[in-house]
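K.L.:
Protein chains in written order, with this note's numbering: chain A, 1 to 409; chain B, 1 to 409.
For the record, the hints were derived by calculation from the structure and aren't laboratory data. Among these hints, one or two may not hold up.
Because identical chains share one entry, a pair is satisfied inside a single copy or across any pair of copies.
Simulated pairs of lysine-lysine, DSS-like, Cα-Cα distance not exceeding 25 angstroms [claimed, not checked]:
id: 1; residue 1: LYS380; residue 2: LYS391
id: 2; residue 1: LYS189; residue 2: LYS166
id: 3; residue 1: LYS210; residue 2: LYS359
id: 4; residue 1: LYS380; residue 2: LYS395
This one's a predicted model, so the numbers in the text were calculated from it and none came from an experiment.
Number of protein chains: 2
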Amino acid sequence: MSKLIVKKFGGTSVADSVRIEAVADIVEQTVKEGNKVTVVLSAMGNNTDELIKLAKEINPEPDLREYDALVSTGEQVSVALLAMALLKRGIKGKSYTAYQLGIKTNSSHSRARILDVEVNKITKELAEGFVPVITGFQGMNDRGDITTLGRGGSDTTGVALAVALKADECQIYTDVDGVFTTDPRVYDKAKLLENISFEEMLELSSMGAKVLQLRAVEYASKFNMPIRVLSSFSESKGTLVQEENNIMERPIVSGISSIDTEAKLTVRGVPDIPGVAAKILGPISDAGIDVDVIVQNIGADNTTDFTFTIDQSDLSRAEKILQDTSSSLEGGQLEVDADIAKISIVGRGMRANAGVASKMFQALADNEINISMITTSEIKISVVIKKGEMKAAIKALHDAFDLDKELDS
Amino acid sequence: MSKLIVKKFGGTSVADSVRIEAVADIVEQTVKEGNKVTVVLSAMGNNTDELIKLAKEINPEPDLREYDALVSTGEQVSVALLAMALLKRGIKGKSYTAYQLGIKTNSSHSRARILDVEVNKITKELAEGFVPVITGFQGMNDRGDITTLGRGGSDTTGVALAVALKADECQIYTDVDGVFTTDPRVYDKAKLLENISFEEMLELSSMGAKVLQLRAVEYASKFNMPIRVLSSFSESKGTLVQEENNIMERPIVSGISSIDTEAKLTVRGVPDIPGVAAKILGPISDAGIDVDVIVQNIGADNTTDFTFTIDQSDLSRAEKILQDTSSSLEGGQLEVDADIAKISIVGRGMRANAGVASKMFQALADNEINISMITTSEIKISVVIKKGEMKAAIKALHDAFDLDKELDS
């Protein structure tokens, strides 16, 4: 059956003319199977990095309107080249900038959000047999300035176009075969997932972000647009990210994600009074530092221990802010630990299965891995452990939840 | 007095971040002297060549709509970087693509012509103290496609904007100090010209084209917009190209141009009947081959010898076409000579001075340089000689017409 498919290819998929020809082959194949295709591209390989390097030679903190005008050229190059490659194959490729199509965003330069996608022009082109090839990652604000969506924004462009065009599927091509039960470089028993729900994909955060921008997943989830994550370098069918109700199987744990680039900060003995969490995290947030895990434990003497994790790159700034806060709160000792890793198990089946947490903790205990923090959400359990034990923990959990086995459906 | 100046900088003037900073210094200086400035830029150095190389990897003859979309990114990069450099200096630089400003062209992709420049937006920006930095070389057609004006089109953008804005002067910055009496690399007595008329600039053709696109000169001449040709690498005041009536001095010869990349084709003994020139040159022109000098001499027996010059790169194609034509015309022998150079002396003073031609021929004769073709126009005399004698001819003529001396005004 003929489908309308939006295909988005990332930077490694269009890194040079050889890769662009390979992408043209993929698009040609889908068109020849009788489908209508709209293509969204990122900039070629490290082209964007080279442009940023040029900007920083002029000014380490360049004006953001001009920064957007500069880096938006990267995708314009790749779409023109792919259109040429399609035309060579007798496919009616036609490049468009987001500007030409009027993809409207707000004015937050370098991290703009898409407000509106006018699809009349694309719909007309599709009806006439064209294959529109569109610059991802960018748009225009209501003043007619060029904006960019921030790193990974091309995924969002792909999903937004798929939603606006009412496409059957949004296919996001990367350099990995799809979403795995865990990072295959960490554990060679990692298995490619056929299906995953939007919510799980979001909860897999750090792991998921390597293959798919979270903003794009949120957008797709909101509008119920199925995303297929697949590789332009292989024939793998990839992973379909979709609404939970459309997936038959319900594994207890779908995947294990890990991150070892965070640091843990603890303030001991702060007064256990209302508003103390806000007082501690407010200044951190004001400094633009993202907080990941937050844990608060009751201590002795009406005091509490407050712990949270942040990215290691923000550690020295956060530490300074926290020292001021702690003394103003008449709090106690400040402890910092960058020797940590966070492991999360994620699965939509957790809702219906008690005992997942205890099974997780038992598996770690059996391997003599000590847990220093625990947080849970409806479909995710995260633990913070010592960095050196990360790989062992992933393997233990992957085995404990039989993630290398085929699912019973 | 405050002026409105359009400054156009070529590729070598914005070749890297160091050069872009130098351009920002020049613009800053002009702004601080109380002038309003609009800037037009070419792409950085060999950026356009690199983009063309990418296109040719995909297809040696790429689709021209896509070719234009591709190469137009080069100027977008340079304008954003210059705007950043101006903002760093406290000058309100603001980049614009021709697309954003609605610089309208026809649809002849890769060699489009500017039809209309809407200046309301620029005028408003100028009034608010901004320095618009605009992509040269490009525009959009009425379908909203990106077009380019062809190599050197940035000069035309500069002049077209200057005309539309009613600027006081259009300054074209290159890597040479201005227009010289002859190529300084050929004869070290060559002298920088303070003034030259539009018509002379056009007649200096090959020499002039190295510093200024002829299309831009034609455009400026039509609208009487003075162009100053100057260097972004030196403090030279450059050469002012303007309407003849505005120049006081009237030198007999202003400059000597030369070209040694042409070839000469002669068809002997074609019938001396009406329409024969059209019959010979028609097929050449249909093949897209530009003809430069044309000379026809009456021969014996109601036949004529027909000679013309073309670029050497077109020689093999032209020769083939000409053989067919010659036999259909029952013409005689075809002669080809690529060992030639064309030397032209140009000067608005020729109109009022008899004997310029004989002085030229005498100077060449004194140096035993043989002339094989002669053509003349109102302000130019061109001769074709042997290539090996080109430098000697230039020196002889430069001395004969005292071009190294100061003018009597």
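K.L.:
Each hint: holds or not?
P.N.:
To see whether the hints hold, each was checked on the structure:
no. : hint               : verdict
1   : LYS380 with LYS391 : within (19 angstroms within a copy, 83 angstroms between copies)
2   : LYS189 with LYS166 : neither (37 angstroms within a copy, 72 angstroms between copies)
3   : LYS210 with LYS359 : neither (28 angstroms within a copy, 78 angstroms between copies)
4   : LYS380 with LYS395 : within (18 angstroms within a copy, 86 angstroms between copies)
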